[in-house]
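Sequence lines, in order, name chains A and B. Residues in the first sequence are numbered from 1 upward in steps of one, following full-length UniProt numbering. Residues in the second sequence are numbered from 1 upward in steps of one, following full-length UniProt numbering.
By construction, these hints were calculated from the structure, which means they are not laboratory data. This structure is a prediction, so every number in the text was calculated from the model and none was measured. Check the hints yourself; a few may be wrong.
Pairs of lysine-lysine, PhoX-like flavour, derived with a Cα cap of 20 Å [said to hold, decoys possible]:
{"hint": "1", "chain 1": "A", "residue 1": "340", "chain 2": "A", "residue 2": "116"}
{"hint": "2", "chain 1": "B", "residue 1": "340", "chain 2": "B", "residue 2": "116"}
{"hint": "3", "chain 1": "A", "residue 1": "110", "chain 2": "A", "residue 2": "134"}
{"hint": "4", "chain 1": "B", "residue 1": "317", "chain 2": "B", "residue 2": "340"}
{"hint": "5", "chain 1": "A", "residue 1": "223", "chain 2": "B", "residue 2": "223"}
{"hint": "6", "chain 1": "B", "residue 1": "134", "chain 2": "B", "residue 2": "158"}
{"hint": "7", "chain 1": "B", "residue 1": "317", "chain 2": "B", "residue 2": "338"}
{"hint": "8", "chain 1": "A", "residue 1": "223", "chain 2": "B", "residue 2": "110"}
{"hint": "9", "chain 1": "B", "residue 1": "136", "chain 2": "B", "residue 2": "276"}
{"hint": "10", "chain 1": "A", "residue 1": "31", "chain 2": "A", "residue 2": "110"}
{"hint": "11", "chain 1": "A", "residue 1": "158", "chain 2": "A", "residue 2": "136"}
{"hint": "12", "chain 1": "A", "residue 1": "113", "chain 2": "A", "residue 2": "136"}
{"hint": "13", "chain 1": "A", "residue 1": "110", "chain 2": "A", "residue 2": "136"}
{"hint": "14", "chain 1": "B", "residue 1": "223", "chain 2": "A", "residue 2": "110"}
{"hint": "15", "chain 1": "A", "residue 1": "110", "chain 2": "B", "residue 2": "221"}
{"hint": "16", "chain 1": "B", "residue 1": "31", "chain 2": "A", "residue 2": "31"}
{"hint": "17", "chain 1": "B", "residue 1": "110", "chain 2": "A", "residue 2": "221"}
Now for the letters of each chain:
2 protein chains.
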Amino acid sequence: MIAPELHPPVRLLMGPGPSDTHPRVLQALAKGTVGHLDPFYLETMNGLQDMLRQVFRTQNPMTMAISGTGSAGMEATVVNLIEPGDAMVVCVNGVFGGRMVDVAERAGAKVTKVEKPWGHVFTPEDLAPALASKPKVVGIVMAETSTGAHQPIEAISKAVHEAGALLLVDAVTALGGVPLEVDAWNIDAIYSGTQKCLSCPPGLSPVSFSPRAMEVVMSRKTKVQSWYLDVSMLANYWGQNRVYHHTGPINMTYGLYEALRLILEEGLENCFARHKKNHEALRAGLAAIGIRYSTQEGHILPQLNAVHIPEGVDDAKVRSTLLTRFGIEIGAGLGAFKGKVWRIGLMGYGSRQANVLLFLSALEQVLAEQDYLFQHGSSVAAANDTYV
Amino acid sequence: MIAPELHPPVRLLMGPGPSDTHPRVLQALAKGTVGHLDPFYLETMNGLQDMLRQVFRTQNPMTMAISGTGSAGMEATVVNLIEPGDAMVVCVNGVFGGRMVDVAERAGAKVTKVEKPWGHVFTPEDLAPALASKPKVVGIVMAETSTGAHQPIEAISKAVHEAGALLLVDAVTALGGVPLEVDAWNIDAIYSGTQKCLSCPPGLSPVSFSPRAMEVVMSRKTKVQSWYLDVSMLANYWGQNRVYHHTGPINMTYGLYEALRLILEEGLENCFARHKKNHEALRAGLAAIGIRYSTQEGHILPQLNAVHIPEGVDDAKVRSTLLTRFGIEIGAGLGAFKGKVWRIGLMGYGSRQANVLLFLSALEQVLAEQDYLFQHGSSVAAANDTYV
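Using the sequences and the hints given, assemble the complete structure.
Spelled out as structure tokens, the structure:
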């Protein structure tokens, strides 16, 4: 039996990712496949690396895309830096910090967890006791997709390096949505995903390793446990030698290449400002109808808005009505936030005035059907005010 | 600096893969991204799994696509079945058997290598001494992409199971090009790639685990070393529970879905016959101009033709002229075959009469420029004869 023709419904992806793919990226995906050692493809890899360095704001030679999703990037950074028995500190304030603990333990790390309540961020003081034990690596999530928390990195980095450790940063949802400075902040290893603020489908994980991190990788006593993610071999394919490792995901690479062109055409600062503006409008709109954020004040990500589901409102029904009637996807809560939180994404190409206004209008309609009390006023009017 | 617009040259991919992507697959890649838990996407996954079972000829519930290339599939099958200290036998007669040894050792396996010369295949007798030591897993490559050798699986499988071991098969280049029977041949774990005979770009790895293999996975004493490839968790996402694991590579999944539709529309037997027919034509053409195969007679893959580079001919110049003048990519030799062998792929959509005839015509022109002696006659005429 042959499955039916593929006719995806038209969606507005306003959840925690994937976000809407930019039309130019969709077109890039459909361009003709070439060989993974074709001179054109090698040039494409060069261009991609060069643009990725600009977006990461780094000079790191070892900047490239892992052939897997963001979680593969997490695993790649961890397994290359960690050897069995190494001490690693992982900061956990949501699902993705928790995932990093699991990944690190599977790599043989002795993990010390530092925890904060979901939705909150870490200060250098929070890490001090764990840093006193002189870990090899400290892992932290810059944009916790499960809570919408925006972790400041610079001060943490200083404390981590004073303790002689390497800093590993999860930037899956961060990259392209908020300012991020790999070199200025002295980040040793970082990974992201294509399906958040880069407006590209999921499937690749941009990563970067500092020269100091690469020294650690190159002087390992044991082989990296993953052949597929071994960055010493990947460096030979993405570096000047171009030694075949695995077959690069050609068409997805086209997609990421075009996505990086788009963000550089707009300019990083303009892109961050756009994310901020649309977030402010959404926030004003939600506030007008009494919907509050779940994230620590002052540390709310513009691209991922985690808000309390109002009391008496049917979580699943709101989400399914938004999806079926308007084609709008928003995210459910994960883990500790399950059933308590909605996650509204304004990421990359999806961070647009039109999306903010449509979403608020649709949400008002759906909430009205559930006899929600609009005590304050119109969300759309409030959002519009911020654009004036 | 923004890298230039993406204009891939038009290529005819007649190397060891990636092969030419079918136009319908390219179109599928460009369809609108939906969420990884969207009801439509879950249906797409169901359809993909159902079609993949037909192509693998299996009833295995645990049949799905790993979010990485074929090498990630290799790693996924190995790391799920192997716990540190487990004995594994790996059959090595080319690059990919060698790669499996490396992957298995990194997973903590005690590996026994069984070797045959490059281009040759294994008999059950070749494995007997290694099987006597009662390994847990035996790994073998069905279609050795580095040598064009077509490994018979059925008799090997019988010997492996009589020894109480699990059979792990590399079908990266095999799937869709030659008959393959996961259930009838009692294969316990198998992986493939999208970029060979499935006419899809690289980026996903179809895999299947038998119920017996899944029992072994589910009764492990240690966690799978890779979080990303842990099939017990992947089973919860691809199975009925649909528990979020990592974000599925939506658009690549569309591509594989359409590729599977194409192969089932044609019919597997017709597809195999087409591969065989075009191989015979190519072979007759090459024979007519004195070019011989590098692979053991009787075990030549129709989809991957590894042939000796004629003496006095400049390997690199022939390949680069084919590429620049005709847009035809063929593969260089790898490892022991470097500089000695060309690898000519007739895979999936690329296995067409037109490609065979164009390639032979182009090759004749390029060889003539190198003063090659055409002792026997015209390759094109000989190829045409086989189509009559």
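The hints, checked one at a time:
1. Distance hint between residue 340 of chain A and residue 116 of chain A is fulfilled; the C-alpha atoms sit about 18 Å from each other, no more than 20 Å.
2. For the hint pairing residue 340 of chain B with residue 116 of chain B, the CA-to-CA distance comes to about 18 Å; that is within 20 Å, so the pair holds.
3. For the suggested pair residue 110 of chain A and residue 134 of chain A, the alpha carbons sit about 12 Å apart, so the restraint of at most 20 Å is met.
4. This hinted pair checks out: residue 317 of chain B and residue 340 of chain B have alpha carbons roughly 14 Å apart, not beyond 20 Å.
5. Our distance criterion of 20 Å between C-alpha atoms is met by residue 223 of chain A and residue 223 of chain B, whose separation comes to about 19 Å.
6. Proximity of residue 134 of chain B to residue 158 of chain B is assessed by CA-CA distance (about 14 Å); at most 20 Å being required, the pair is judged to hold.
7. Between residue 317 of chain B and residue 338 of chain B the alpha-carbon distance is near 14 Å, which keeps this suggested pair within the 20 Å criterion.
8. Of the supplied pair hints, the one linking residue 223 of chain A and residue 110 of chain B holds, its CA atoms being roughly 15 Å apart against a limit of 20 Å.
9. This hinted pair does not check out: residue 136 of chain B and residue 276 of chain B have alpha carbons roughly 35 Å apart, beyond 20 Å.
10. Only pairs whose Cα atoms come within 20 Å are accepted, and residue 31 of chain A paired with residue 110 of chain A is rejected, the gap being roughly 45 Å.
11. Using a Cα cut-off of 20 Å, the hinted pair residue 158 of chain A and residue 136 of chain A holds, with the two alpha carbons roughly 15 Å apart.
12. Proposed proximity of residue 113 of chain A and residue 136 of chain A is supported: the alpha carbons are some 14 Å apart, at most 20 Å.
13. For the proposed pair residue 110 of chain A and residue 136 of chain A, the alpha carbon gap of about 10 Å is at most 20 Å, so the pair holds.
14. Using a Cα cut-off of 20 Å, the hinted pair residue 223 of chain B and residue 110 of chain A holds, with the two alpha carbons roughly 15 Å apart.
15. Distance restraint check for residue 110 of chain A and residue 221 of chain B: the Cα-Cα separation of roughly 19 Å lies within the 20 Å cut-off, and the hinted pair is therefore satisfied.
16. Proposed proximity of residue 31 of chain B and residue 31 of chain A is supported: the alpha carbons are some 13 Å apart, at most 20 Å.
17. At roughly 19 Å between alpha-carbon atoms, residue 110 of chain B and residue 221 of chain A fall within 20 Å of each other, so this suggested pair holds.
The structure is inconsistent with the numbered hints 9 and 10, although it conforms to all the rest.
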